[in-house]
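These are the residues of each chain, in order.
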Amino acid sequence: MRETVIRLDGVVAGYRGAGGERRVLNGLDLAVGGGEMVALLGANGSGKTTLLNVMAGTIRPSAGSIELFGRPLSSWLRGEVARSVAVLPQSLELPAGFRVAEVVAMGRTAHGARWFGWTPDDMRAVEDALRDADALELADRPVTELSGGERQRVLVALALAQEPSLLLLDEPTTHLDVAHAAWLLASVARLRQLRGLTVVMVLHDLVLASAWAPRVVVLHGGRILADGPPHVALRPDIVRDAYGVAVETVVTEAGRRLIVPHVPAPAPEPASGPSGSAPSAR
Amino acid sequence: MSATTAVRRVTFGPSPGRTTLTLGLGVSLVLAAAGAAVLAGTSGIGIGDAVAIVAHRLTGIGPVTWPSSAETIVWELRLPRVLAGMVVGAGLACAGAVFQALLRNPLADPYIIGPAAGASLGAVAALLLPVATVGWLGLGLVQLLAFVGGLAAVTVVFTVARGQGGTPVVTLLLSGYAVSSLLSAAVAVLIFNAGERLGAVISWLLGSLAGASWARVGFAAPLIVISFTLLLLRWRRLNALLLGEAQAAHVGVDVEREKRILVGLAALATSAGVAISGTIGFVGLVVPHLVRLAVGPDHRLLLPASMLYGAALLVLADLGARMAGGIPVGVVTALIGAPFFLWLLRRSASGGWVSR
Numbered sequence: 013m014r015e016t017v018i019r020l021d022g023v024v025a026g027y028r029g030a031g032g033e034r035r036v037l038n039g040l041d042l043a044v045g046g047g048e049m050v051a052l053l054g055a056n057g058s059g060k061t062t063l064l065n066v067m068a069g070t071i072r073p074s075a076g077s078i079e080l081f082g083r084p085l086s087s088w089l090r091g092e093v094a095r096s097v098a099v100l101p102q103s104l105e106l107p108a109g110f111r112v113a114e115v116v117a118m119g120r121t122a123h124g125a126r127w128f129g130w131t132p133d134d135m136r137a138v139e140d141a142l143r144d145a146d147a148l149e150l151a152d153r154p155v156t157e158l159s160g161g162e163r164q165r166v167l168v169a170l171a172l173a174q175e176p177s178l179l180l181l182d183e184p185t186t187h188l189d190v191a192h193a194a195w196l197l198a199s200v201a202r203l204r205q206l207r208g209l210t211v212v213m214v215l216h217d218l219v220l221a222s223a224w225a226p227r228v229v230v231l232h233g234g235r236i237l238a239d240g241p242p243h244v245a246l247r248p249d250i251v252r253d254a255y256g257v258a259v260e261t262v263v264t265e266a267g268r269r270l271i272v273p274h275v276p277a278p279a280p281e282p283a284s285g286p287s288g289s290a291p292s293a294r
Numbered sequence: 106m107s108a109t110t111a112v113r114r115v116t117f118g119p120s121p122g123r124t125t126l127t128l129g130l131g132v133s134l135v136l137a138a139a140g141a142a143v144l145a146g147t148s149g150i151g152i153g154d155a156v157a158i159v160a161h162r163l164t165g166i167g168p169v170t171w172p173s174s175a176e177t178i179v180w181e182l183r184l185p186r187v188l189a190g191m192v193v194g195a196g197l198a199c200a201g202a203v204f205q206a207l208l209r210n211p212l213a214d215p216y217i218i219g220p221a222a223g224a225s226l227g228a229v230a231a232l233l234l235p236v237a238t239v240g241w242l243g244l245g246l247v248q249l250l251a252f253v254g255g256l257a258a259v260t261v262v263f264t265v266a267r268g269q270g271g272t273p274v275v276t277l278l279l280s281g282y283a284v285s286s287l288l289s290a291a292v293a294v295l296i297f298n299a300g301e302r303l304g305a306v307i308s309w310l311l312g313s314l315a316g317a318s319w320a321r322v323g324f325a326a327p328l329i330v331i332s333f334t335l336l337l338l339r340w341r342r343l344n345a346l347l348l349g350e351a352q353a354a355h356v357g358v359d360v361e362r363e364k365r366i367l368v369g370l371a372a373l374a375t376s377a378g379v380a381i382s383g384t385i386g387f388v389g390l391v392v393p394h395l396v397r398l399a400v401g402p403d404h405r406l407l408l409p410a411s412m413l414y415g416a417a418l419l420v421l422a423d424l425g426a427r428m429a430g431g432i433p434v435g436v437v438t439a440l441i442g443a444p445f446f447l448w449l450l451r452r453s454a455s456g457g458w459v460s461r
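Residue numbers (the working numbering), protein chains in the order written: chain A, 13 to 294; chain B, 106 to 461.
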């Protein structure tokens with residue numbers, strides 16, 4: 013493992029409500045090294061999104077410590093975090109009236125050094141972000157006239173414009189069809205190589221996680237249940253504990269091992285014929 | 106074409122041409138409105154005399170070739186009134202643009218979280234106090250209490266809305282509504298007991314520039330110019346806030362701190378304007394919205410353009426109010442603004458503010 017990008021030690025975090033604090037993370041330890049691509053998995057309510065927000069600095073832990081590049085995250089200013097960490101949200105309402113490049117330029121909010129304009133660095137970063145997200149030809153389009161897949165590319169460009177070292181993705185494929193989900197994960201994998209990004213992504217889909225993430229972290233009850241390569245961390249007993257479902261490993265023709273939910277064998281079709289007995293009511 | 110001469114294809118932000126056109130037209134409109142408002146009236150002062158009077162007062166040179174009554178009308182009555190209209194219109198429009206961004210709502214206006222109600226209570230209380238001659242720096246007690254009341258109301262609204270995890274804008278709106286209602290009730294009690302001062306009270310509440318003076322302009326103008334400058338410097342953060350609070354935080358905006366700063370500056374501009382003019386409605390709602398439709402939502406252009414067109418609109422509305430026999434200018438802006446507001450409601454029912 014190369015230099016540690018982010019390290020969490022004994023992190024406790026949750027939400028304060030009328031009935032006191034509701035703990036979501038219960039003393040969680042995690043370290044992610046430079047250039048890693050990690051998938052966070054776990055059932056709804058297991059703490060995945062809270063963990064992502066804690067890493068992004070938008071939820072402060074009530075106990076434990078977080079270090080980003082060796083420095084306590086609590087000592088980072090909001091703008092400093094944004095120059096190192098970008099978050100790709102599940103979906104985002106884009107403000108009407110802007111063109112794509114102008115929204116992508118909002119990723120430069122924490123960079124812009126000029127009082128009243130953009131620096132050449134900002135302009136280059138926006139153009140590079142658009143190019144790397146396959147969105148260059150969308151640059152002049154109004155954001156209100158984008159398809160779902162185009163919007164996702166714009167959101168990727170917005171995150172890249174921040175020129176982050178650490179990219180956090182919050183259920184990025186939830187609203188996407190099969191083709192766009194595959195495009196997104198392939199792009200993230202490519203950008204990880206191209207830009208040396210460290211990637212942590214919350215995923216729901218075991219197949220996508222096992223296909224794309226070299227390292228999988230499974231959360232359960234606000235703690236880490238398993239951490240390792242997909243075929244280790246997504247063993248059937250672990251998945252059963254985390255989700256309560258059975259899974260099996262499928263080896264593709266290319267030799268990749270995918271974890272898929274167990275599909276029970278179909279019951280045999282009842283024999284039918286002109287004189288056959290009535291189909292079973294089961 | 107070789108790579109070294111490749112032009113940058115990606116451009117963003119308002120183009121220089123559009124910026125120049127928008128701001129140039131705005132400056133021309135402000136100057137034209139101001140000129141018309143200084144010259145228009147029953148006294149029949151010519152443009153030559155008016156220019157000469159202003160030049161004479163500013164530089165002290167040139168022979169005096171006009172009656173002293175003309176000088177009084179131009180220098181002591183009309184010019185301060187025009188400048189007050191410019192300053193108040195600019196401040197309200199700018200504050201309106203900021204609140205619309207902060208609340209991500211095109212129907213927000215500068216009065217939405219309480220400064221108008223607070224200023225009204227302060228002003229009406231001052232009007233009804235038996236010591237109306239107290240003043241400071243040429244300002245009456247009415248202006249001072251209105252200014253303080255406006256700022257105090259916003260402070261209360263913000264403090265009430267502030268919870269442990271921050272200040273949600275919905276809570277801010279509801280808190281603003283509740284505090285405004287409470288203050289309005291107090292104003293109503295005062296109105297009910299106003300007696301012979303009722304006329305002055307109503308006139309202030311409707312909003313009027315009739316009492317404008319150099320002292321009042323000198324009080325409000327610096328406050329509004331300072332808050333505008335500081336707001337304009339935050340254009341990048343204002344734009345990012347349009348992404349929603351969560352993503353704005355991810356791109357580097359300290360959202361809670363930004364809310365305090367933006368609300369504070371916008372409330373300062375609003376309270377300063379209201380203090381010298383009363384509660385003039387619709388300028389802060391209509392102008393930023395119209396400007397946004399025309400030039401787009403980028404605050405780098407939206408804020409200065411809103412200021413210029415707000416200034417021009419209020420000077421023209423005040424001219425109309427004078428021509429219509431001296432009705433309060435707040436009535437004129439409501440007459441223009443209310444139909445526009447209805448059109449806006451119809452429009453926002455069919456078209457969106459964000460794309461989903």
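Hint data in this document are derived by calculation from the structure and do not stem from the laboratory. C-beta atoms are modelled at their ideal positions from N, C-alpha and C, and glycine is treated no differently. Among the hints, a few may not be true.
What the simulated footprint calls covered on chain A by chain B, stretch by stretch (three residues with Cβ under 8 angstroms from a Cβ of chain B suffice, anywhere in the stretch; the number is not a length) [unchecked claim]:
| no. | stretch |
| --- | --- |
| 1 | 85-94 |
| 2 | 99-105 |
| 3 | 111-122 |
| 4 | 125-137 |
Have a look at the derived ranges for each label pair, beta carbon to beta carbon [claimed, not checked]:
| no. | chain 1 | residue 1 | chain 2 | residue 2 | range |
| --- | --- | --- | --- | --- | --- |
| 5 | B | I432 | A | E92 | 49 to 59 angstroms |
| 6 | A | A43 | B | G270 | 43 to 53 angstroms |
| 7 | B | G268 | A | P226 | 19 to 29 angstroms |
Listed below are several chain B residues computed to face chain A (Cβ distance under 8 angstroms; list not exhaustive) [as the list claims (entries may be wrong)]:
| no. | residue |
| --- | --- |
| 8 | G270 |
| 9 | V274 |
| 10 | L347 |
| 11 | G349 |
| 12 | A354 |
| 13 | H355 |
So, going through the hints one by one against the coordinates:
no. : hint                                 : verdict
1   : 85-94                                : holds (count 5)
2   : 99-105                               : holds (count 4)
3   : 111-122                              : holds (count 11)
4   : 125-137                              : holds (count 5)
5   : I432/B to E92/A: 49 to 59 angstroms  : holds, 55 angstroms
6   : A43/A to G270/B: 43 to 53 angstroms  : violated, 28 angstroms
7   : G268/B to P226/A: 19 to 29 angstroms : violated, 42 angstroms
8   : G270                                 : holds, 6 angstroms
9   : V274                                 : violated, 14 angstroms
10  : L347                                 : holds, 4 angstroms
11  : G349                                 : holds, 6 angstroms
12  : A354                                 : holds, 5 angstroms
13  : H355                                 : holds, 4 angstroms
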